[in-house]
Each structure stands twice: as structure tokens, then as C-alpha cells.
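Residues per chain, in single letters:
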Amino acid sequence: MSTFDTTELTLNMGPQHPSTHGVLRVVLRLDGERVVGCDVVIGYLHRGIEKLCEHRDWQQIVLITDRMDYVAAASNNLGYVETVEKLMSLEVPRRARYIRVILAELQRIASHCLWLGTHAMDMGAMTVFLYCFRERELVLDLFEEYCGARLTYNSMRIGGLPLDIPSGWDKKVRAFCDILESKVPEYEELLTHNRIWRDRTKGIGVIGGADAVALGLTGPVLRGSGVPRDVRKDEPYAAYSDFEFDVPVGTAGDTYDRYLVRIEEFHQSVRIIRQALDGLPEGPIVAKVPRLIKPPAGETYHAIESPKGELGYFIVSDGKSNAPYRFRVRPPSFCNLQALPRLVQGHLMSDVVALIGSIDIVLGEVDR
Amino acid sequence: MSDPVTPGSARTIPPPTGPTDPPPPADLPVPAFITTAQSAVAGAIERIAYWVGDWSLIVSLTRLPEVAAHLRDTAGAQFDLCSDVTATDWPPRAERFDVIYTLYSTRLKHRVRLKVRVAETGSVPSVASVWPAANWLEREVFDLFGIRFGGHPDLRRILMPDEWQGHPQRKDYPLEGPGEMLLENPVDWLKVKRAGEIE
Chain F
37 MSTFDTTELT LNMGPQHPST HGVLRVVLRL DGERVVGCDV VIGYLHRGIE KLCEHRDWQQ
97 IVLITDRMDY VAAASNNLGY VETVEKLMSL EVPRRARYIR VILAELQRIA SHCLWLGTHA
157 MDMGAMTVFL YCFRERELVL DLFEEYCGAR LTYNSMRIGG LPLDIPSGWD KKVRAFCDIL
217 ESKVPEYEEL LTHNRIWRDR TKGIGVIGGA DAVALGLTGP VLRGSGVPRD VRKDEPYAAY
277 SDFEFDVPVG TAGDTYDRYL VRIEEFHQSV RIIRQALDGL PEGPIVAKVP RLIKPPAGET
337 YHAIESPKGE LGYFIVSDGK SNAPYRFRVR PPSFCNLQAL PRLVQGHLMS DVVALIGSID
397 IVLGEVDR
Chain G
575 MSDPVTPGSA RTIPPPTGPT DPPPPADLPV PAFITTAQSA VAGAIERIAY WVGDWSLIVS
635 LTRLPEVAAH LRDTAGAQFD LCSDVTATDW PPRAERFDVI YTLYSTRLKH RVRLKVRVAE
695 TGSVPSVASV WPAANWLERE VFDLFGIRFG GHPDLRRILM PDEWQGHPQR KDYPLEGPGE
755 MLLENPVDWL KVKRAGEIE
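As given, the protein sequences belong to chains F and G, one line each in that order. Under our numbering, the first residue of the first sequence is numbered 37, with each subsequent residue one higher. Under our numbering, the first residue of the second sequence is numbered 575, with each subsequent residue one higher.
It should be emphasised that the hints constitute simulated quantities derived from the structure, not laboratory data. Every residue, glycine too, gets a C-beta built ideally from N, C-alpha and C. Any given hint could be a false lead.
What the hints assert, rightly or not - Residues of chain F placed beyond 12 Å of chain G at every Cβ, according to the derived structure:
| no. | residue |
| --- | --- |
| 1 | Thr43 |
| 2 | Tyr106 |
| 3 | Arg131 |
| 4 | Met159 |
| 5 | Leu174 |
| 6 | Leu176 |
| 7 | Gly184 |
| 8 | Asp200 |
| 9 | Lys207 |
| 10 | Lys208 |
| 11 | Glu224 |
| 12 | His229 |
| 13 | Asp278 |
| 14 | Pro317 |
| 15 | His383 |
What the hints assert, rightly or not - Partner residues aside, some chain G positions facing chain F, computed with beta carbon under 7 Å:
| no. | residue |
| --- | --- |
| 16 | Trp625 |
| 17 | Val626 |
| 18 | Asp628 |
| 19 | Leu655 |
| 20 | Asp658 |
| 21 | Thr662 |
| 22 | Thr676 |
| 23 | Thr680 |
| 24 | Pro706 |
| 25 | Trp710 |
| 26 | Leu733 |
| 27 | Leu749 |
Using the sequences and the accompanying hints, generate a full structural model.
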């Protein structure tokens, strides 16, 4: 009666927990409601994609990359085909590169819509989820019209694209850009100045720029900490060097700033898409590629800015067999998730949910 | 084991004995941070390789932490982001594995790869103290290749279950797995489990 029981409580969260966005398991050590320790257990969705790709044809791998970050399949396709093109020193036609940029940016919008909707829903803001999925649906419709699929697109080929854009598609993309621009303020109206949202996100999971870099964070999570690192700007790929866009950065490095960074990225993506549509060159959509792809012996690493962060592929070709000798993916979600124990330290149990949402993971990519 | 896509091809071609690692062309200037590192950590960088725009440094195994700390802290290098750690397996070679670190500098915006060679029984000095980002990435290499990292703070399996036998990314590990997962009868599962306990 006179002494309090101060034993630490070990609490298992997941792998079947609605806020873990899949099958993430977090073992929390709690002192009352405060988190004093956290162990992240992953691997529930491990399908051995790297091993599998070492036993598949170079062209077949495009299809497997869809299954990693399944809410941003086009970005995964883009990273892979560009790596192989770099290995083969292949020049891709400008039209193909422009269309790739449009697809990748539409994908970023779709991914951020899904992120915002689920992140807000985790914290009880149900309406935003419905708003975001309304717009995401429009992106999926555009992808469906382009390549016939809504989730796993298989939308790129080594050397270019499988299909040219359908007639009238560019007008629909423009119309979508207008719609999105009018809808993003609606999301902001619900959240940005919402007292509850600010209380739940401001000052939660603060990480400084230098710490964030040392922990290997990339993407919006790193930019929220004020580091202007964006692969699209720093190491331009596809046709990003032709377009003007800004890299939004945060100042506080908390959950709220990471939210603001992603909201601003909606606008920047729209800006890039409009420029790409305006300057869309005529011409072929695929380079001259041998029917049997066999890159010369060698290895390379190539990174792109996926919606989650730096998505890198490290591929080794032995120059003889028609499958890569080593296929390695640098998954942004995996590397960003590593910071979770550091971010949740000292916060309340309920903030863990906010922080898992804030680093935007997709378990298909974490576990591969 | 049969290859589902390229029947015969994987077996008729002898496996490569190591990476190509071609030296840079003579007319290509070597970046300043490499020449600085060569003189500052003398003898640690065994060779320089260049291929399709990527620079690789082949580093001697024992001096890896020295080179890593130098590349992170020197003014002209500033490799503050360890973006990837991975490995490649070349079974015919005596030092069978290459462990590869992909580094990036967020300030100077350049990249380099470090490579060390390690035998199956050997151990790589961990760089998790230099770049905390390497923690999970080295765990993944340990899990999938079975390469040990000396001085790693938390060397456990990360993707595969803790009780898993073998290391799936090795070239001698079959794509279908070692076989025990193909058992259909739950009674056989129990047998496998008991056999594992006796070991």
C-alpha cells in the first residue's frame, strides 16, 4: 500500500495491430505510460525477393519489384530499370524519361495520400482517410488507363516503357492535378491548424539533422529534420534535371514537420507533372535493346527518390548468365524503421502509433 | 535443384570466381578524397576500381574502421551517410565474401563504395560505431550470409526466424530452401522440431 510497484512492463504490439501498417511487431518496455525501451521485430513478410531475383531473367525482375513497396510500384520499377540501364550504359529516349517522371510523381502522390490517410486515421482523424483515398482512387484510375493494373503496374521496361500514353491521358492527368490542388487545402483545413492534431504531433519524435543522417534516414523523414537531401536534386535521374521544383524541409524534426514536408511534396509533385506534360517530347518510347539482355560483367549502385526515401539497387552482373549474379535492394522503409527505437524513447505509448505512421513504412519493402 | 527460367544455363556456365573490379582508365582523374585517404591511411586501400561512374575502394579487412572514420571525418570526404551495407558471395574464392559499404556525403554530394574480403570463418570489424545506420544493415548481412561482425552491438538475425538454420543468400543455398518447409503433414513438422531440439 505504501510503495508503488515500479516494475517495467513489457508490452507486445503487433504483428497484428491495426496501426502497424502490416506485420510489424514492436516489443515495448514501459514505465507506466512512458516508453523506456523498444525492440523492433521484422521479417514476417520476408519472401526472399533478393534471392528470387538472382534466379530470374533481367526482364522478369521488373514484375517482382512491384511486390516490394506495393503502394509505390512505379517507383520500384523505375529504380530497377535505371540501374540495369546504367549497367548497360543505355541511353533512354527523352519521351520515355518524361513519361517515367510523370508516373513516378503520380505514384508519389498516391503513396503520400495513402500515408496521410492512414497516419491521420491512426490518431483518430477518420475523415482525412476518406478524403485521401478519394484522390488516390483517381491516381489508380490513371494508372489503370495507362497500363491496365491498379496496384502492381509492371509499368517500365529496360530501355524505356512498354506502352506509350493513351490518347487523351495527358488531359486527364492535367485535370487530376487541378483537382488535387483544390483538395490538398481541404486536408490541411482538417489537420494543419487542428488543435488535437498539433498536440499529438508537435514535439513528438524529435530528431536533429546530424543524428538523422547518422541513423541513415532518407526521404521526407530526413527533410523534416532540416536536411535538404533529395536524390531528385542531388543526383538527378530520369529527366528531373529538366524541371524546376523545390525541396521542402522542416525545422523542428518532429512528427508535425514531417507531415508538413509531405503536404508540400503534393504541390511540388503537381508542379513537376505539369512541367513534364508541357514539355513532353515526341519520339520513341524505347531504346534499341537486344532481345536477350546480358549486361556486361560489372556492378553498380543506383538510387532514386522513392516516396519513402532513397531507394537504391546494387546489382552485380557476371556478363554470362541471363540473371543478375547479385541483386540487392536498399529499402528506404527498412533503414528509416531503424530509427524507431530512438524516436519513441521517452514518449507515451500512444505516440508510438503516431511515430510508426510518421516514418511511413511499407512492410513489403522492409522485409522483402 | 532446377532453375525455373533458364534451364541448364546456370549450370553449364562455370560460376565466376570474383568481381571484375576494373581499374580506372588512365586518363580519368582520381577524386581528391581517394588520394587523400591513400596517403592518410597508408596501405589500407589495396586497390581502386571504377565502373560506369562508380568508384570502389578495396580496403584491407583489419583496417576498415580506420578508413571508415577517416572518410567520415575528413573535410574533403565527409561521408556522413552509410546508405547501404551488403555482401556478395563468390564460393570458389578462398576469401569467399565481399562486404560492400555504399557511402554518400550529404554535404559534398558524392558517393563511394568500400569493399572488404572475408573468409567464411572470418569476421569483419563492425562500422556501427562510425555510422549507427550500419547496425541493422550489418545484422541483415549476418542473417542472410552468415558473415560475423566483430564489435557489433546487437548481432542477431533480423529477417529470418531466430531458430533458422543456414543463410539463404549464399550461393550454395537452394532457392527452394533446405526442404523442411515443404513438409505437408503436421506430424512431420513435429519430427523436424524434435530433431532440432536434440541438436
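Verification of the hints:
1. Against the 12 Å criterion, Thr43 of chain F stays outside the reach of chain G, whose nearest CB is about 24 Å from its own CB.
2. Distance to chain G confirms Tyr106 of chain F as a non-interface residue, since its nearest Cβ pair spans about 18 Å, more than 12 Å.
3. No beta-carbon of chain G comes within 12 Å of the beta-carbon of Arg131 of chain F; the shortest separation is about 24 Å.
4. No beta-carbon of chain G comes within 12 Å of the beta-carbon of Met159 of chain F; the shortest separation is about 27 Å.
5. At roughly 34 Å from the closest C-beta of chain G, the C-beta of Leu174 of chain F stays outside 12 Å, upholding its exclusion from the interface.
6. Interface exclusion of Leu176 of chain F from chain G stands, the closest Cβ pair being 30 Å apart, more than 12 Å.
7. At the 12 Å boundary, the C-beta of Gly184 of chain F stays outside the reach of chain G, the nearest C-beta of that chain being 24 Å off.
8. With a least beta-carbon separation of about 28 Å from chain G, Asp200 of chain F lies farther than 12 Å from that chain, consistent with its non-interface assignment.
9. No beta-carbon of chain G comes within 12 Å of the beta-carbon of Lys207 of chain F; the shortest separation is about 38 Å.
10. Every beta carbon of chain G lies more than 12 Å from that of Lys208 of chain F, the smallest distance being close to 37 Å; the non-interface claim holds.
11. The claim that Glu224 of chain F is not at the interface with chain G holds, since no C-beta of that chain comes within 12 Å of its own (minimum 29 Å).
12. For His229 of chain F, the requirement that its beta carbon stay farther than 12 Å from each beta carbon of chain G is met, with the minimum near 32 Å.
13. Taking the minimum C-beta to C-beta distance to chain G, about 19 Å, the non-interface status of Asp278 of chain F holds against the 12 Å cut.
14. For Pro317 of chain F, the requirement that its beta carbon stay farther than 12 Å from each beta carbon of chain G is met, with the minimum near 25 Å.
15. Here His383 of chain F stays apart from chain G, with its beta-carbon at least about 19 Å from theirs, past the 12 Å limit.
16. The restraint placing Trp625 of chain G at the interface with chain F holds, with a minimum CB-CB distance near 5 Å, inside the 7 Å limit.
17. Taken as an interface hint, Val626 of chain G checks out: its beta carbon lies about 5 Å from the nearest beta carbon of chain F, inside 7 Å.
18. The criterion of a C-beta within 7 Å of any C-beta in chain F is met by Asp628 of chain G, whose closest approach is roughly 5 Å, and the hint holds.
19. Restraint check, Leu655 of chain G versus chain F: the minimum CB separation of about 5 Å is within 7 Å; hint holds.
20. About 4 Å separates the beta-carbon of Asp658 of chain G from the nearest beta-carbon of chain F, less than 7 Å, and the hint is met.
21. A least Cβ separation of about 5 Å between Thr662 of chain G and chain F falls short of the 7 Å threshold, and the interface hint therefore holds.
22. Taking 7 Å as the C-beta cut-off, the interface hint given for Thr676 of chain G holds, the closest approach to chain F being about 5 Å.
23. At about 5 Å, the closest approach between the beta carbon of Thr680 of chain G and any beta carbon in chain F falls short of 7 Å, and the interface hint on this residue holds.
24. Hint status for Pro706 of chain G: holds, given a least beta-carbon distance of 5 Å to chain F, under 7 Å.
25. This hint holds: Trp710 of chain G has a C-beta 5 Å from the nearest C-beta of chain F, less than the 7 Å allowed.
26. Using the Cβ-Cβ criterion of 7 Å, the hint placing Leu733 of chain G at the interface with chain F is satisfied: the shortest such distance is roughly 4 Å.
27. Given hint, Leu749 of chain G at the interface with chain F, holds; its Cβ is 5 Å from that chain's nearest Cβ, closer than 7 Å.
In terms of the numbered hints stated before, the structure departs from none.
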